[in-house]
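Colleague: Take a look at the letters that make up each chain.
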Amino acid sequence: MNSWRDKLIYIILVGSASTSILIVVLIFVFLGKEAFSFIWDPGFSELWHTKWIPVSFKKEIFGILPLMTGTLLVTALATLLMIPFGVLGAIYVAELASDSERQILKPFIEILAGVPSVVIGFFGLVVLSPIIKHLFGLNTGLTALTGAILLAFMAIPTVLTVSEDAIQSVPRAFREASLALGANQLQTIFRIIVPAALPGIIAAIMLGVGRVIGETMAVLMVTGNAAKITLNPFDSVRTMTATIAAEMGEVAFGSHHYQALFWIGIFLLIMTFLLNLMAQRVLRKYQMR
Amino acid sequence: MVNNVKTKLASEHVDFFYGSNQALFDIQMKIPENSVTALIGPSGCGKSTFLRMFNRMNDIIPGTHHTGRILFEDDDIYSANTDVVKLRQQVGMVFQKSNPFPKSIFDNITYGPNIHGLKNKKKLEEIVEKSLKGAALWDEVKDRLHESAMGLSGGQQQRLCIARALAVEPQVLLMDEPASALDPKSTAHIEELIGELREKYTIMIVTHNMQQAARVSDYTAFFYEGNLIEQGETTQIFMNPHEQKTEDYVTGRFG
Amino acid sequence: MKKNHQSKVIIWALRLSTYFIVMVVGYLLFDIIVKGLPTISWSFIFDLPRHSGAEGGILPAIVGTIYLVLGSMIFALPLGMASAIYLSEYAFQGRFNRYVRLAIITLAGVPSVVFGLFGLGLFVLFFGFGASILSGSLTLAFMILPTIIVSSEEALQAVPKGLREGSLALGATMWQTVYKNVLPYALPGMFTGSILGIGRAAGETAPILLTVAAFFLPRLPNSIFDQVMALPYHLYVLATQHPDAQKVLPMQYGTALVLIVIVVFFNLTAIILRNHFRKKIQW
Numbered sequence: 001m002n003s004w005r006d007k008l009i010y011i012i013l014v015g016s017a018s019t020s021i022l023i024v025v026l027i028f029v030f031l032g033k034e035a036f037s038f039i040w041d042p043g044f045s046e047l048w049h050t051k052w053i054p055v056s057f058k059k060e061i062f063g064i065l066p067l068m069t070g071t072l073l074v075t076a077l078a079t080l081l082m083i084p085f086g087v088l089g090a091i092y093v094a095e096l097a098s099d100s101e102r103q104i105l106k107p108f109i110e111i112l113a114g115v116p117s118v119v120i121g122f123f124g125l126v127v128l129s130p131i132i133k134h135l136f137g138l139n140t141g142l143t144a145l146t147g148a149i150l151l152a153f154m155a156i157p158t159v160l161t162v163s164e165d166a167i168q169s170v171p172r173a174f175r176e177a178s179l180a181l182g183a184n185q186l187q188t189i190f191r192i193i194v195p196a197a198l199p200g201i202i203a204a205i206m207l208g209v210g211r212v213i214g215e216t217m218a219v220l221m222v223t224g225n226a227a228k229i230t231l232n233p234f235d236s237v238r239t240m241t242a243t244i245a246a247e248m249g250e251v252a253f254g255s256h257h258y259q260a261l262f263w264i265g266i267f268l269l270i271m272t273f274l275l276n277l278m279a280q281r282v283l284r285k286y287q288m289r
Numbered sequence: 001m002v003n004n005v006k007t008k009l010a011s012e013h014v015d016f017f018y019g020s021n022q023a024l025f026d027i028q029m030k031i032p033e034n035s036v037t038a039l040i041g042p043s044g045c046g047k048s049t050f051l052r053m054f055n056r057m058n059d060i061i062p063g064t065h066h067t068g069r070i071l072f073e074d075d076d077i078y079s080a081n082t083d084v085v086k087l088r089q090q091v092g093m094v095f096q097k098s099n100p101f102p103k104s105i106f107d108n109i110t111y112g113p114n115i116h117g118l119k120n121k122k123k124l125e126e127i128v129e130k131s132l133k134g135a136a137l138w139d140e141v142k143d144r145l146h147e148s149a150m151g152l153s154g155g156q157q158q159r160l161c162i163a164r165a166l167a168v169e170p171q172v173l174l175m176d177e178p179a180s181a182l183d184p185k186s187t188a189h190i191e192e193l194i195g196e197l198r199e200k201y202t203i204m205i206v207t208h209n210m211q212q213a214a215r216v217s218d219y220t221a222f223f224y225e226g227n228l229i230e231q232g233e234t235t236q237i238f239m240n241p242h243e244q245k246t247e248d249y250v251t252g253r254f255g
Numbered sequence: 001m002k003k004n005h006q007s008k009v010i011i012w013a014l015r016l017s018t019y020f021i022v023m024v025v026g027y028l029l030f031d032i033i034v035k036g037l038p039t040i041s042w043s044f045i046f047d048l049p050r051h052s053g054a055e056g057g058i059l060p061a062i063v064g065t066i067y068l069v070l071g072s073m074i075f076a077l078p079l080g081m082a083s084a085i086y087l088s089e090y091a092f093q094g095r096f097n098r099y100v101r102l103a104i105i106t107l108a109g110v111p112s113v114v115f116g117l118f119g120l121g122l123f124v125l126f127f128g129f130g131a132s133i134l135s136g137s138l139t140l141a142f143m144i145l146p147t148i149i150v151s152s153e154e155a156l157q158a159v160p161k162g163l164r165e166g167s168l169a170l171g172a173t174m175w176q177t178v179y180k181n182v183l184p185y186a187l188p189g190m191f192t193g194s195i196l197g198i199g200r201a202a203g204e205t206a207p208i209l210l211t212v213a214a215f216f217l218p219r220l221p222n223s224i225f226d227q228v229m230a231l232p233y234h235l236y237v238l239a240t241q242h243p244d245a246q247k248v249l250p251m252q253y254g255t256a257l258v259l260i261v262i263v264v265f266f267n268l269t270a271i272i273l274r275n276h277f278r279k280k281i282q283w
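Chains as they are written, first to last, in this note's numbering: chain A, 1 to 289; chain B, 1 to 255; chain C, 1 to 283.
Since the hints were derived computationally from the structure, they do not count as laboratory data.
You may find that some hints are simply not true.
The calculated lysine to aspartate or glutamate pairs, modelled on EDC-like cross-linking and capped at a C-alpha distance of 20 Å, are [unchecked claim]:
no.	chain 1	residue 1	chain 2	residue 2
1	C	LYS161	B	ASP59
2	C	LYS180	B	ASP107
3	C	LYS180	B	GLU147
4	A	LYS7	B	ASP83
5	B	LYS142	B	ASP107
6	C	LYS8	A	GLU95
From just these sequences and the hints, can you work out the full model?
Modeller: Next comes the structure, spelled out in structure tokens:
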């Protein structure tokens, strides 16, 4: 009586679990499908120009290099900012904060993780960018640095919570052994616990970087969206994600511009996929999860 | 083991593997009907793994496999046409850590009959009383059948788990260190109960405690590092073991 | 013995960098609440927008966001819970299981704007749903699927192994065991995970940008094939696309406040529920 029902349910469950695989495959297929014909017309090499001029009276240029450097600059700056706050915060929350302190700190961090990126972008636009403008005497507050600060802020919850997990999974015995040898709390933290948790912390940073690369709305709103190759944090830049979000609404379906935007999507996908994969490898290797 | 008694369960050339780690090596054993057989040996010797083969509980552990046959009244329980669900109705199990469901005492007992399709309330009530009496728990809980089982003491919880197993009317009871987490008084209670149950059931019990094996079992099998070293009547194993390893173990030289 | 000065300085440095984050979050919430509250009124919530959002209310955006959240839940919740049940209760460590897990990790890392591209390619164009509630809901559903799977699985794993073994040993089938003896205790935790998913679905902009969101559409949708406005996109439009962004600043703050209230409400509920269940269920 029950056997056919159990089989049916099993099939439903397997089918559901397979959907995730199907979706991943479909993402690659449909990004590829829309982007594909760009390879021979106008040609794959057209993507490697140093200028992105998708709409022009003369010749349109789809060089994604300035977009890649834009993403690179913003990501590098954001990473520099998120590491100290995320990692030090994790050490403090995991090792030094009292229980009551932790109960206040953790909800704030979880709320931050939930604040929509468009709200953070809005906050950056109306609050942070004027500050940046006046502080550094710039013509505009819409710079790579502004975007990077917001992104760092958004990635901190990821870095902090994953690092905290890593720190907390360091065996108690390490801690006790160090303390029993007469090391003080800080010596124990920085010489024993942090080194032991380092793989997990590195994975946390990688996950944070993945988040930063993929983040769209906040950078779209505050980086000024100038597609140029620069390494100056006070310049306006345009990231890969922002380009897709800003321009996809206005292109003709199937045009070269449209296909070029899908290529940007493919590169983004590959970058974040590799980062995530590496982070998971690190986490699994050291059995932090 | 013994020839003049009917064999209920048997294992033939059983090897068992966790991944590539072999946990059991060519185990050959016969379990006589309506008797208590104790499996003893140091931790990690494979006795629990062996016990869990008889109701195919190892099936749910990922990455395991076995060779050889396990027979229940001459039927290979690992053959393709065995219904695992039916098998487990006939071969009940009591676990090391008592695991009452977080439901009422009544619902714990009726869980088994219920999933096997029995809905008649009167029948269910009869089963509850009979099973609880069978597990020597009735007098203690008859006034609070609808209270949560989690409120019972450790020893009561374990007897409830025995009652729960009895409610599906099995022929065999597998007990995996059923008293290891209990105080001496509760342990005595369980041992007494095992003595009564042997009249109607074939019992296999894994135990750490050699005195317990000596007290409750008719037959004893000694496992060491995945091998069945020696098996025989309990008195013989304890008084006059044939193997040096068995003697070392039962006299407490290691373990 | 006294702690030396050096350790005190270091501990304070750690403490300050942590509290700095909290202060910024606090300031962000404070700023939006203080500047957004004056805008909030009956008509702001329940009126249609006028003059491309410079006046009137944000009702269509609120309704649109609610539709999208509900729509994505209808797809993601059963799918996510069923996947979690499979992974936690049925799957042995086979190759298929590994692929499913890899897929979930991959999905969790896909940038939201790439989900937008995917939704555009598959639902809007290939299936011909057009830019619609259906396309947007499906896109969001697959974006939040990993969140739901991972937290549901965590809730299932928290149910002690003994309950499963006890049930199976009584001759219950796998599904009877799951249905009667695992799910009832895991469901609260599973729903908590899905609430986190709701919060994410309500706040995302990039995936709906390309699949559903309307720039300005001062009416309520009639069917699942309609476009809708949505709160996050509306905020983006007001803040960056409006010709007179300074003048509509109060509208921006008001919209931000409504959005953040919705999202934080879901997140806080999830956090509180989770802490409650973690405390209550002690095996």
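Colleague: If a hint holds in the structure, say so; if it does not, say that too.
Modeller: We went through each hint and held it up to the structure:
| no. | hint | result |
| --- | --- | --- |
| 1 | LYS161(C) with ASP59(B) | holds, 14 Å |
| 2 | LYS180(C) with ASP107(B) | holds, 11 Å |
| 3 | LYS180(C) with GLU147(B) | holds, 18 Å |
| 4 | LYS7(A) with ASP83(B) | holds, 14 Å |
| 5 | LYS142(B) with ASP107(B) | holds, 13 Å |
| 6 | LYS8(C) with GLU95(A) | holds, 15 Å |
When each numbered hint is compared with the structure, no violation occurs for any of them.
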